[in-house]
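Trainee: We have chain A; now place chain V onto it with these hints.
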Amino acid sequence: MIITTLEAVPGKQIEIHYGVVTGSTVRAKNAGRDFMAGLKNIFGGELKGYTQLLEESRQEAMRRMVEQAQKSGANAIVNVRLATSSVAAGAAEVFAYGTAVKVI
Amino acid sequence: MIDLIIIFGFLFIAYITGSIAEKNHFKRIRAREAALINQPYVVDQFKTMDLSKAQRTEFVHGSCVIAADRFKMFLGGVLSIFGGRISAFESLTDRARREAIIRMREQAIGADMVVCTRIQFSKIGKTQVESIAYGTAIYLNSFDESVVTNSNEQIPAYTF
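Chains A and V are the protein sequences, given in the same order. Just so we're aligned, residue 1 is where the first sequence starts under this note's numbering, counting upward by one. Just so we're aligned, residue 1 is where the second sequence starts under this note's numbering, counting upward by one.
The set of hints was computed from the structure by calculation and includes no laboratory data. Where hints are given, some of them may not hold.
What the hints assert, rightly or not - Keeping only pairs whose Cα atoms sit at most 30 angstroms apart, straight-line, the calculated DSSO-like set for lysine-lysine is: (1) V:Lys23 to V:Lys126; (2) A:Lys102 to V:Lys53; (3) A:Lys48 to V:Lys27.
This is chain A alone, in the form it adopts within the complex (with noise of 0.2 angstroms):
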């Protein structure tokens, strides 16, 4: 599975197009981290913790974008974005979205 941000994939054509791929989690932090953070919000710092529960759900997200395309035949997903939101206070979605094609 080729992913990519760019409109195509260098070097190959576009041959099939089969539309818009998504895939999205929702995560909370866990009691353990939040103590963490909740010290690093008085002192300022990076959260390690938060940016690994993110990476881990971004990459859950992108697991599932790929299953969506695999299940309709495509093998590249290309225009990729991701996006991150709250829904909650302790809950953060990511969110990625491409466009399945199969190139040659």
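Mentor: Leaving out everything else, chain V in the frame of chain A:
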């Protein structure tokens, strides 16, 4: 009165730790940016360039979550009454963004360039900001591929 002293003492400690963390972070960011100086990253789509010879493309991304310290929040709150430039938050967003971009580019070490970079910013929680940078790493020469991957895998980072 004692309450007031405690609050200001607290803010002072937050100011000290926050500014030390920020100073060290900026130092690290500058050093890492200097190390990556030979690898260009651009926002363009490849329409403007000839990338038809690209051997391999790879999705790369980096992210960073940074929290403002309490002093910054306090200062930001006070400054936003008057409006104008709030330098306390400028440095925060700058740090998060540059860190995310560096992480993305470090994932693409060995690539000739990173194209179609997108940078996103979102607020998670009250004082935490997250920045994501993502793009497509382009490997122009097949020579690079053998050096970087050392395996039969075509796309190492995001093969599902």
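Trainee: Now, for every hint given, state plainly whether the structure supports it.
Mentor: Hint-by-hint comparison with the structure:
no., hint, verdict
1, V:Lys23 to V:Lys126, "holds (23 angstroms)"
2, A:Lys102 to V:Lys53, "holds (19 angstroms)"
3, A:Lys48 to V:Lys27, "holds (18 angstroms)"
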